[in-house]
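Protein chains: 2
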Amino acid sequence: MPVSFIDKIAAMFPELPESRTLLAVSGGVDSMTMAHLFETADWAYGIAHCNFQLRGDASDADHDFIKARALYNGVTFHSITFDTEDEAAKRGISIQMAARDLRYPWLEAVRQEHGYDFVATAHHLNDSIETSLINQTRGTGWRGLSGISERQDHLIRPLLSFTRSELEDYLRANDIAFREDSSNAKDDYHRNRIRHHVIPVLRSINPAFERTFEKNLKIWSESTHLLEWAIAELKQRYVQKRGDQLVIDYRFIEDHRDAAPTLFFEWVSPYGFHPDQLTQALSAAGKSSGAMWYSTTHCLLADRNAFLIQPATSERTPPVSHQLEKAGGRVSLENGLLATDVFDRPAEFSFSLSEFEVELDAEKVQFPLTVRHWREGDVFCPLGLGGRHKKLQDFFSNLKLSRFEKEQIWLVLDGRGEIIWVVGHRPDDRYKVDAKSSRLLKLSFRAR
Amino acid sequence: MPVSFIDKIAAMFPELPESRTLLAVSGGVDSMTMAHLFETADWAYGIAHCNFQLRGDASDADHDFIKARALYNGVTFHSITFDTEDEAAKRGISIQMAARDLRYPWLEAVRQEHGYDFVATAHHLNDSIETSLINQTRGTGWRGLSGISERQDHLIRPLLSFTRSELEDYLRANDIAFREDSSNAKDDYHRNRIRHHVIPVLRSINPAFERTFEKNLKIWSESTHLLEWAIAELKQRYVQKRGDQLVIDYRFIEDHRDAAPTLFFEWVSPYGFHPDQLTQALSAAGKSSGAMWYSTTHCLLADRNAFLIQPATSERTPPVSHQLEKAGGRVSLENGLLATDVFDRPAEFSFSLSEFEVELDAEKVQFPLTVRHWREGDVFCPLGLGGRHKKLQDFFSNLKLSRFEKEQIWLVLDGRGEIIWVVGHRPDDRYKVDAKSSRLLKLSFRAR
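Respectively, the protein sequence lines represent chains A and B. Every letter in the first sequence is one number past the one before it in the UniProt record's numbering, and letter 354, counting from 1, is 354. Every letter in the second sequence is one number past the one before it in the UniProt record's numbering, and letter 282, counting from 1, is 282.
If you are wondering where the hints come from, they were derived from the structure by calculation, not from laboratory data. It should be emphasised that the depicted structure is a prediction, and the values quoted were computed from it without experimental measurement. Among the hints, erroneous ones may be present.
Pairwise CB distance ranges, derived in the manner of DEER restraints [claimed, not checked]: (1) 85/B to 286/A: 48 to 56 Å; (2) 286/A to 257/B: 38 to 46 Å; (3) 294/A to 75/B: 45 to 53 Å; (4) 355/B to 17/A: 48 to 56 Å; (5) 280/B to 208/A: 16 to 24 Å; (6) 287/B to 237/A: 35 to 43 Å; (7) 172/A to 93/B: 39 to 47 Å.
Here are a few chain B residues that face chain A, going by a calculated C-beta distance under 10 Å [stated by the list, open to error]: (8) 142; (9) 205; (10) 208; (11) 209; (12) 216; (13) 230; (14) 257; (15) 260; (16) 332.
Calculated lysine-lysine pairs in the DSSO-like style (CA-CA distance at most 30 Å, straight line) [claimed, not checked]: (17) 218/B to 218/A; (18) 215/B to 218/A; (19) 90/B to 215/A; (20) 218/A to 235/B; (21) 235/A to 287/B; (22) 215/A to 235/B; (23) 67/A to 8/A; (24) 218/A to 287/B; (25) 8/A to 287/B; (26) 241/B to 235/A; (27) 215/B to 287/A; (28) 241/A to 287/A; (29) 215/A to 218/B.
For glycine and all other residues, C-beta sits at the position ideal for the given N, C-alpha and C.
Make a model of the complete structure from these sequences and hints.
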């Protein structure tokens, strides 16, 4: 029997015979069996023990028991003592979580310091099945579905294909000593309910339940890799980065209707939106263009043909507004410079051809000028509409600008609060140069 | 409360107000509630009832109860009586399976005959959760994971987002009559164990278990769509059809190491191989070129750079062998024609340039000729090797032929059983035309 155990482990982890492995040993059935298997296989290993001080003297006795075993076998022994309860209280987390958070970083540190190739924990198939069922009960996408992973970086689980009862049989057959009540950080209340009350029922439906579920876990784990590939592959097709803006083409909704929420959630998850916001946004796509949602860091806009995501700024910070006291001055804006110049109309005058320069009738403009972005209710008289008033919002809509783009546009207002120039787009009709204009005000914007 | 129920259904199935739906009604809590909801919402519907005759008089009473309800509401009533036990016995399947197999085709037939848009069954969220857990217990990839689907073609499940207890509350609040013990084909033993012994434990871990699991099911169902897309997309990249042969490039194993078994199983599943064969084949890829596996219909070959799959023929049928009694004759082969011709060596003789024609020294060749494919142990003296013997297998290996290709090649043997021509590749050195040859035998193969 030991040979077949070792063969099975070696098939899963072919590197082990040539590696040095640090075994995490609690003193219980599972980890003592793991140590026995490494000893029998003659694979190089060391033993690491965490004393979580959760059971008083018994915890210290565990430590001594394992240390004695290590000395007897001539194996390096590493140990550490944690004040687990204190850590849990300090961080407001469960004892189990605190123990886990203390344990893994220490094991990895010992591995690095002492040049081990791997850290091995004694998790077995039943642990993994229980983890999957706990995750399902608490809610999980597919990532939590496949239980405990066989390897993650330098962390391996050599016993993961054995059931609890197989390991117990091995332990009995080989007369392996262990500590009955050894500190087992993973034995929490929910896990015990699954182990003692759910699994036996499932085993009554399928006597080979563990083996069957092992196959499930394997398929689900492979599916996770395929899903991650699919999400990344489709991201390349539908999601573009433009500066600090993310553009998500609505066509993914049509093309992948049955998976659209998952795709959207996965692509957008780094930006901290609430799932309900994303559900709302998805159903607004293509309907209520211009709707916006905010996370603490980002803003999501349902634009005409795409979702736009960019760092949240304008709505969260007070509206930017700059003053320019008198003609001839210049004002520094967040993304450029606005300069003014006043001069007599030359005999041979022609208008600038740049959309970022404009000449107005200086005598019509009252200082100081204000430079700011648009606000709800802004109105002006676009040049060429015969002096008719138009809502800036409608003006922008005709230009098919996204809300983000609108928010980037500078407006120049004169001392009366009238918009005299929508920078880059249109001057106001009331301030235009006409036959009688003799002094001109030239405004020019230069982007930085 | 009824309004919110109806709204929720209408949100999931926006077509219902404009459709005619055939409701499958057993008389139990779920289906009577469904009928009440359709009645209250004023959506056009008819009622269909299957009498499975599983509970004697009570089954007939169910029928009468539902018929009376239909008449009272002025709703069309369809019914049928099945001998379910007989059907189950005849087909050697469970009563539950027999009932299901009888029920759905009949419902669909009624739908088509009477012009309903949909068939609706009263499955609810708990049914779906139970189905997922049963599937997991019996073993499932991802397809069985997401429980019962909301819609499949014309079949819909309007109650799928309600829990059993929500529906019971609705029933009580609206004083809906139902048959306590109505025949419920889905109440099998395993389902009851999950319902009464597993779910309550999971609900003790998470009081909102059903709502949580509903989200799981939704995510898993979306994942299934993504996975199917990924498998099809990657198939386009790695799998090619060449005639009746499927060629699966080994590069998928390197490129998608963590998902290779799933991809391979999915691509190859139509060909009936056993999962163990596929596991073996995967680990043979690139190592033991030439290994083969057979399903009842197909043959899978681990070739040099790809798996090849083709209809199983040669190994299953007796080896083909054709006789050609005398020079000048021709023989019809499965895929072409082999012709012979004997003539005096002309003064100006030059060898044919086609690889499917060869001239030999007629006096060296003994009739009858045999035409067959290669066998283990075949040996010949390839022209140009100075008369040295070479195993045909090694000769083929040098040509980098796949085993399938080797099996397609015709050999011509003379009366002594010596290979005189490997058709399309090389004549035998011993039969070549030399300075002394005066009569020539020309062999030619023409493919059909």
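Hints and how they fare:
1. 85/B to 286/A: 48 to 56 Å: With a Cβ separation near 54 Å, residue 85/B and residue 286/A satisfy 48 to 56 Å, so the hint holds.
2. 286/A to 257/B: 38 to 46 Å: For residue 286/A and residue 257/B the Cβ distance comes to about 39 Å; the hint holds.
3. 294/A to 75/B: 45 to 53 Å: holds, 50 Å
4. 355/B to 17/A: 48 to 56 Å: holds, 52 Å
5. 280/B to 208/A: 16 to 24 Å: holds, 21 Å
6. 287/B to 237/A: 35 to 43 Å: Holds, at about 36 Å.
7. 172/A to 93/B: 39 to 47 Å: holds, 42 Å
8. 142: holds, 5 Å
9. 205: Since the shortest Cβ distance to chain A is 5 Å, the answer is holds.
10. 208: holds, 9 Å
11. 209: holds, 6 Å
12. 216: holds, 6 Å
13. 230: holds, 4 Å
14. 257: With Cβ-Cβ at 8 Å, under 10 Å, it holds.
15. 260: holds, 8 Å
16. 332: Violated, because the Cβ-Cβ distance from residue 332/B to chain A comes to roughly 49 Å (cut-off 10 Å).
17. 218/B to 218/A: With a Cα-Cα distance of about 21 Å, the restraint between residue 218/B and residue 218/A holds, given a limit of 30 Å.
18. 215/B to 218/A: Holds - the C-alpha atoms of residue 218/A and residue 215/B are around 22 Å apart, at most 30 Å.
19. 90/B to 215/A: It is violated: about 33 Å lies between the C-alpha atoms, which goes past 30 Å.
20. 218/A to 235/B: holds, 21 Å
21. 235/A to 287/B: violated, 36 Å
22. 215/A to 235/B: holds, 23 Å
23. 67/A to 8/A: holds, 28 Å
24. 218/A to 287/B: Given pair residue 218/A, residue 287/B holds - Cα atoms ~24 Å apart, limit 30 Å.
25. 8/A to 287/B: holds, 21 Å
26. 241/B to 235/A: holds, 29 Å
27. 215/B to 287/A: Answer holds: residue 215/B to residue 287/A is near 25 Å, not above 30 Å.
28. 241/A to 287/A: Satisfied, since the Cα-Cα distance of roughly 23 Å is no more than 30 Å.
29. 215/A to 218/B: holds, 22 Å
Taken one by one, the earlier hints fail for this structure at numbers 16, 19, 21, listed in ascending order.
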